[in-house]
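Asks: Could you put together the complete structure from these sequences and hints?
This is what each chain is made of:
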Amino acid sequence: MSQEDIEVYKRALKREKAARKAAEEILEQKSSELYDISQELKQSNSKLHKLVKERTTELEGVFENIIDAYIVMDLWGNVLKMNKAAEDMLGYTAENQEFNLFSITSKDEIDNIMSTFELLMSEGNVTDFKVKLKTKKGKYLTTQVNASLIYNEDNKPVAAQGIIRDITIENKYRQAIEAEKQKYSRIIANMHLGLVELDRDERIVMSNQSFCKMIGYTEEELLGQVAKEFLPSEEDKELVHQKTLERRAGKSTAYEARVKTKSGDIRYWLISGAPNYGLNGEMIGSIGISFDITDLKNLQLQKENLLLKLEKSNDELHEYAHIVSHDLKSPLRSINALVNWLKEDNKGKLDEVSMQNFAHIETTLEKMEQLITDILEYSSVGAEDKEKTDVNLDEVLQELIKILYIPEHIKVNIISELPVVKGDGTKLQQLFQNLISNAVKFIDKPQGLIEINVKEQKEYFEFSIKDNGIGIEKQFHDKIFKIFHSLNKRKDSSGIGLSIVKKIVDLHEGEIWLESEPNIGTKFYFTLKK
Amino acid sequence: MKTLNILLIEDDMIEVMKFNRAINSLQLNHKITEANNGEDALKLLEQKDNLPDIILLDLNMPKINGIEFLKILKNDERLRYIPTMILTTSSNKRDLLSCFEIGIAGYMLKPLKYEDYVSKIEKLLAYWSMNELITA
Numbered sequence: 202m203s204q205e206d207i208e209v210y211k212r213a214l215k216r217e218k219a220a221r222k223a224a225e226e227i228l229e230q231k232s233s234e235l236y237d238i239s240q241e242l243k244q245s246n247s248k249l250h251k252l253v254k255e256r257t258t259e260l261e262g263v264f265e266n267i268i269d270a271y272i273v274m275d276l277w278g279n280v281l282k283m284n285k286a287a288e289d290m291l292g293y294t295a296e297n298q299e300f301n302l303f304s305i306t307s308k309d310e311i312d313n314i315m316s317t318f319e320l321l322m323s324e325g326n327v328t329d330f331k332v333k334l335k336t337k338k339g340k341y342l343t344t345q346v347n348a349s350l351i352y353n354e355d356n357k358p359v360a361a362q363g364i365i366r367d368i369t370i371e372n373k374y375r376q377a378i379e380a381e382k383q384k385y386s387r388i389i390a391n392m393h394l395g396l397v398e399l400d401r402d403e404r405i406v407m408s409n410q411s412f413c414k415m416i417g418y419t420e421e422e423l424l425g426q427v428a429k430e431f432l433p434s435e436e437d438k439e440l441v442h443q444k445t446l447e448r449r450a451g452k453s454t455a456y457e458a459r460v461k462t463k464s465g466d467i468r469y470w471l472i473s474g475a476p477n478y479g480l481n482g483e484m485i486g487s488i489g490i491s492f493d494i495t496d497l498k499n500l501q502l503q504k505e506n507l508l509l510k511l512e513k514s515n516d517e518l519h520e521y522a523h524i525v526s527h528d529l530k531s532p533l534r535s536i537n538a539l540v541n542w543l544k545e546d547n548k549g550k551l552d553e554v555s556m557q558n559f560a561h562i563e564t565t566l567e568k569m570e571q572l573i574t575d576i577l578e579y580s581s582v583g584a585e586d587k588e589k590t591d592v593n594l595d596e597v598l599q600e601l602i603k604i605l606y607i608p609e610h611i612k613v614n615i616i617s618e619l620p621v622v623k624g625d626g627t628k629l630q631q632l633f634q635n636l637i638s639n640a641v642k643f644i645d646k647p648q649g650l651i652e653i654n655v656k657e658q659k660e661y662f663e664f665s666i667k668d669n670g671i672g673i674e675k676q677f678h679d680k681i682f683k684i685f686h687s688l689n690k691r692k693d694s695s696g697i698g699l700s701i702v703k704k705i706v707d708l709h710e711g712e713i714w715l716e717s718e719p720n721i722g723t724k725f726y727f728t729l730k731k
Numbered sequence: 003m004k005t006l007n008i009l010l011i012e013d014d015m016i017e018v019m020k021f022n023r024a025i026n027s028l029q030l031n032h033k034i035t036e037a038n039n040g041e042d043a044l045k046l047l048e049q050k051d052n053l054p055d056i057i058l059l060d061l062n063m064p065k066i067n068g069i070e071f072l073k074i075l076k077n078d079e080r081l082r083y084i085p086t087m088i089l090t091t092s093s094n095k096r097d098l099l100s101c102f103e104i105g106i107a108g109y110m111l112k113p114l115k116y117e118d119y120v121s122k123i124e125k126l127l128a129y130w131s132m133n134e135l136i137t138a
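Order-wise, the sequence lines are chains A and B.
By the numbering used here, the letter at position 270 of the first sequence is numbered 471, and the numbering carries on one by one without gaps.
By the numbering used here, the letter at position 95 of the second sequence is numbered 97, and the numbering carries on one by one without gaps.
Please keep in mind that the hints were generated in silico from the structure rather than gathered at the bench.
Check each hint, because a few of them may be wrong.
Said to hold, decoys possible - Here are the simulated distance ranges between beta carbons:
1) K65/B with E660/A: 52 to 62 Å
2) N614/A with D42/B: 31 to 41 Å
3) L529/A with K73/B: 46 to 56 Å
4) N515/A with N31/B: 45 to 55 Å
5) P64/B with N515/A: 21 to 31 Å
6) D78/B with L446/A: 57 to 67 Å
What the hints assert, rightly or not - Cut-off 25 Å, straight-line C-alpha distance, at most; resulting in silico cross-link-like pairs (PhoX-like, lysine-lysine):
7) K65/B with K513/A
8) K550/A with K115/B
9) K623/A with K550/A
10) K112/B with K513/A
11) K642/A with K122/B
12) K589/A with K65/B
13) K548/A with K95/B
14) K568/A with K65/B
15) K122/B with K623/A
16) K568/A with K115/B
17) K95/B with K510/A
18) K548/A with K122/B
19) K95/B with K452/A
20) K112/B with K544/A
21) K95/B with K628/A
22) K338/A with K308/A
23) K544/A with K122/B
Glycine residues also receive a C-beta, built at the ideal position from the N, C-alpha and C atoms.
Replies: Pasting the structure below:
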């Protein structure tokens, strides 16, 4: 081998060495790259895995936690999966595998369900499908279903998923609201109150049947009319205008006004108006309710007239009683004077019997005079309406006992102190006076006793006046209070005294009655309101 | 005792007789002028030089009644000073009130018994006889 050859070999070897080294370096570099890539792949793979797992968990969570009932079923209605909400709603669970959704539908909805199912198959989804479902407990729910199909890799439908909402209550509410609405519409249409709705310019925008009937115009004729101009009579336009202003200020008012109907009649209405507000609280007009009170008003006017007339005729009667009494008494005075003169002028010429007869004439005249006085008194009780004041009956009675004629043999005992009552002092005095003098009059015992007592009751005082006189038989107990029913023909009794007593008790809203036994005595009771 | 010039306005004949008889039996010598109604009385009162000292007036009279007569009297410049007493059987409170409102010197109820009447008239006249009177 030559040197030259050796050199060649050497150089070749050197080149070879360098080339191998470069190749090694490249290899090393590539393998390191490969390693890196494989590491990266490994990492991203685990990341993906994690991500998928996360998503699946998330979906699972959504499925479980979704508030609405969620169901997955096969295309024959067999439930494959359902969430907690669905289980709660229907009472079934998907575990038993035998739960078919179609089996809990109502038979009478079968057509509806089939057609909806067909729609689902053709369109891929249905929304707002309303169907009744029977729960395990047997309760029917009205539900609203939104459903869609689930497809496999070959794009063939394999299942359906759906969200079911129980709208039973919502439905009930809606029905209730609808029923309420209809109820009010019926009330408004049929009530005997006229109802009218006005806009902000007082123009009529609605009126019910009653209103039309009351005013005589049809609703078409009324619509758009300015109510305050169109309805009231000339006299009350100003009033209605005034009230409209008040109402506009937000004040609800009720007032009486006269309106003119289509036929020109004037009717009295009771009108009640209130501002009408829109959804946002702004005033959009007003609502008026009116009621025809013409008949009532006429009655009231009639009553007022009658009262006036009554007052007048009472007044006249009172005057009349006085005039009659005067006219009746005057001749009595004259007769008395004439008899007196006859006696005077014929002194000594007349015999005993004639003088006796003159005395009889005089007694008769006195009796008649008393009668007239009593009648006048009776007719005057209640004629004058005096203001009721506090009357101290104890004082009244003490005074009375002083002025009344009470014979020696009769004792008057006031057992308990008499109260203060509201009433007419003069009349109350007369009441006691008549009862006491009555008692005095009819006491036939050698020792007379009159007892006056009072018992306090809740709303009134009960007084009693007891005597030990001749007594009154039961059959006359009612009669004695009637005018001219004197049971005993006596010179000093006209039979009016107890009628006056009764009238005074009546005036004080009390009652009067008696207990009595013939020959033993009488006890009069009467009440006076506190 | 003073002798009084009395105007008695009374439509009832027997009442007039009663008054005269009472004066006589009491032996009073008052001068009595009678008028049967308000109109006659007003005519008599036209004689201003011969006016009565007192007037006794019945309330219930035809034509002008007592209260109307009283009103006319009280509206007259001169006649309003003549004391006027009411003699009546009516105890109507309203009459009593309106009489006092218009202006009267007394309101006397005629009693039923003639003796009582005489006694009342006696006292009434005795009282006015003792009074100072505006004489014409």
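Asks: A separate judgement is required for each hint: does it hold in the structure or not?
Replies: Hint-by-hint comparison with the structure:
| no. | hint | in the structure |
| --- | --- | --- |
| 1 | K65/B with E660/A: 52 to 62 Å | 55 Å, holds |
| 2 | N614/A with D42/B: 31 to 41 Å | 60 Å, violated |
| 3 | L529/A with K73/B: 46 to 56 Å | 27 Å, violated |
| 4 | N515/A with N31/B: 45 to 55 Å | 49 Å, holds |
| 5 | P64/B with N515/A: 21 to 31 Å | 26 Å, holds |
| 6 | D78/B with L446/A: 57 to 67 Å | 59 Å, holds |
| 7 | K65/B with K513/A | 24 Å, holds |
| 8 | K550/A with K115/B | 22 Å, holds |
| 9 | K623/A with K550/A | 61 Å, violated |
| 10 | K112/B with K513/A | 29 Å, violated |
| 11 | K642/A with K122/B | 30 Å, violated |
| 12 | K589/A with K65/B | 39 Å, violated |
| 13 | K548/A with K95/B | 40 Å, violated |
| 14 | K568/A with K65/B | 32 Å, violated |
| 15 | K122/B with K623/A | 39 Å, violated |
| 16 | K568/A with K115/B | 12 Å, holds |
| 17 | K95/B with K510/A | 22 Å, holds |
| 18 | K548/A with K122/B | 24 Å, holds |
| 19 | K95/B with K452/A | 52 Å, violated |
| 20 | K112/B with K544/A | 21 Å, holds |
| 21 | K95/B with K628/A | 15 Å, holds |
| 22 | K338/A with K308/A | 17 Å, holds |
| 23 | K544/A with K122/B | 20 Å, holds |
Of the hints listed earlier, those the structure fails to meet are numbers 2, 3, 9, 10, 11, 12, 13, 14, 15, 19, in rising order.
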